[in-house]
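K.L.:
Take a look at the letters that make up each chain.
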Amino acid sequence: MERSEVLQVVRDKAVEMLEVDAEAVQEDKSFVDDLDVDSLSLVEYTMELEDAFGIELSEEELADLKTIGAFVDLIQTKVPT
Amino acid sequence: MSLALVFPGQGSQRPGLGAPWRADPGWSLVERASDLLHRDFEQLLLDADAEQLRSTSPAQLSTFLTSLLVWQAFMVLPSQEVAVLAGHSLGELTALVAGGILSCDDGLALVSARGDAMQTAAELAPGAMAAVLGLDDDAVERICAGLEDAWPASYNAPAHVVVSGTVAGLAAAGSALRAAGARRVLSLPVGGAFHTPLMAPARDGLEIALREVSYAPPAVPVLSGVDVRLHAADVPGVLSRQLTAPVRWRQVVEALPAYGVDTVVEFGPGGVLAGLVRRTLPNMRVVSLATPQDVARFGG
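Chain order of the listed sequences is A and B. Take the first sequence: its letters are residues 1 to 81, numbered as in our numbering. Take the second sequence: its letters are residues 1 to 300, numbered as in our numbering.
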């Protein structure tokens, strides 16, 4: 899957579930620090993305992520090509 | 549109949560509350940091006041058809004020007494809470029933139950729940084992305050998260039971269509309830109001 396609899904689901504007979902931003998303909403959102992509993201992997760009990278490494 | 107005509980507060309302005429509510309780609520709503807002009493009072600021502004809009009110845990007291059962001053007195009583009970029996995602209610109940000190504390949405208990009980529950297939077990930043038998010591303190306030007939029906019925004669009894009973929020949400509700409006910061409603009723229209701009836009 193209990176831009992954980013598109990440952005669409964020708008749908996290009440953020599509333009605010930028690769250098953090969901928690910049978009003010609480941890519980973020966990539900990542579960929704796991379902959407048919992948699993471990809590350890997610704990290290700083930016939305890094999140997209992680998903892309898991999605079957 | 036929509306359900819903009010969040503790956990939605964040630093500066009152800032959007500083210049609103309704801000006098905050000044009045400060006078009544001899506490600086302007500081709490404008300048308190995350650490201060995590403590039980400040968390609850700041959430209550902010929800009421939004609700007051909403009530100035041309009249809306409101079918029913409800609130999550603490938010049930906010709903009782919005429904006319409690005066604003009495609501504030109860929230203050309730927060203090819960904080004291939590100091007697330290506890913790965690959100369990990806397991059915039945599975969570079964696992908690087999453990000493862990209980289901809030049915939030399908496959989303909060468990509450002693620190050891919750650690055991976490392992058992993961083994049973929970996709995530997420610690919640709260100061005690709320909505469990460990909160029983809080009843005395709350009941004193419950006896000192008046209860009016509802102007708008208020649905309780304790028994998923409309508040009627025994408001204090229900509020006392609420301390040790699980919050049946998901069941409250599932009951809304039967009251003719087609739109759910959340009052306060965070939008947590809006998310839970969407997860429970995907076809329900859901709006989250937190700022004067949100309210003006809703009034359209």
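If you are wondering where the hints come from, they were derived from the structure by calculation, not from laboratory data. Quick caveat, the model's predicted, so the values are computed rather than measured. One or more hints might be untrue.
Chain B is nowhere near these chain A residues, computed Cβ spacing over 10 Å in every case [as the list claims (entries may be wrong)]: (1) 13; (2) 17; (3) 26; (4) 39; (5) 40.
Here are the simulated distance ranges between beta carbons [to be verified]: (6) 16(A) / 227(B): 28 to 34 Å; (7) 16(A) / 47(B): 49 to 55 Å; (8) 217(B) / 73(A): 54 to 60 Å; (9) 291(B) / 23(A): 15 to 21 Å; (10) 262(B) / 54(A): 40 to 46 Å.
Output of the computed footprint for chain A on chain B, the stretches with three or more beta carbons under 8 Å from beta carbons of chain A [as the list claims (entries may be wrong)]: (11) 209 to 220; (12) 286 to 293.
Built from N, CA and C at the ideal position, the CB exists for glycine as well.
K.L.:
Look at each hint and say if it fits the structure.
P.N.:
Results for each hint:
| no. | hint | in the structure |
| --- | --- | --- |
| 1 | 13 | 12 Å, holds |
| 2 | 17 | 7 Å, violated |
| 3 | 26 | 21 Å, holds |
| 4 | 39 | 7 Å, violated |
| 5 | 40 | 6 Å, violated |
| 6 | 16(A) / 227(B): 28 to 34 Å | 33 Å, holds |
| 7 | 16(A) / 47(B): 49 to 55 Å | 34 Å, violated |
| 8 | 217(B) / 73(A): 54 to 60 Å | 59 Å, holds |
| 9 | 291(B) / 23(A): 15 to 21 Å | 19 Å, holds |
| 10 | 262(B) / 54(A): 40 to 46 Å | 34 Å, violated |
| 11 | 209 to 220 | violated (count 0) |
| 12 | 286 to 293 | violated (count 1) |
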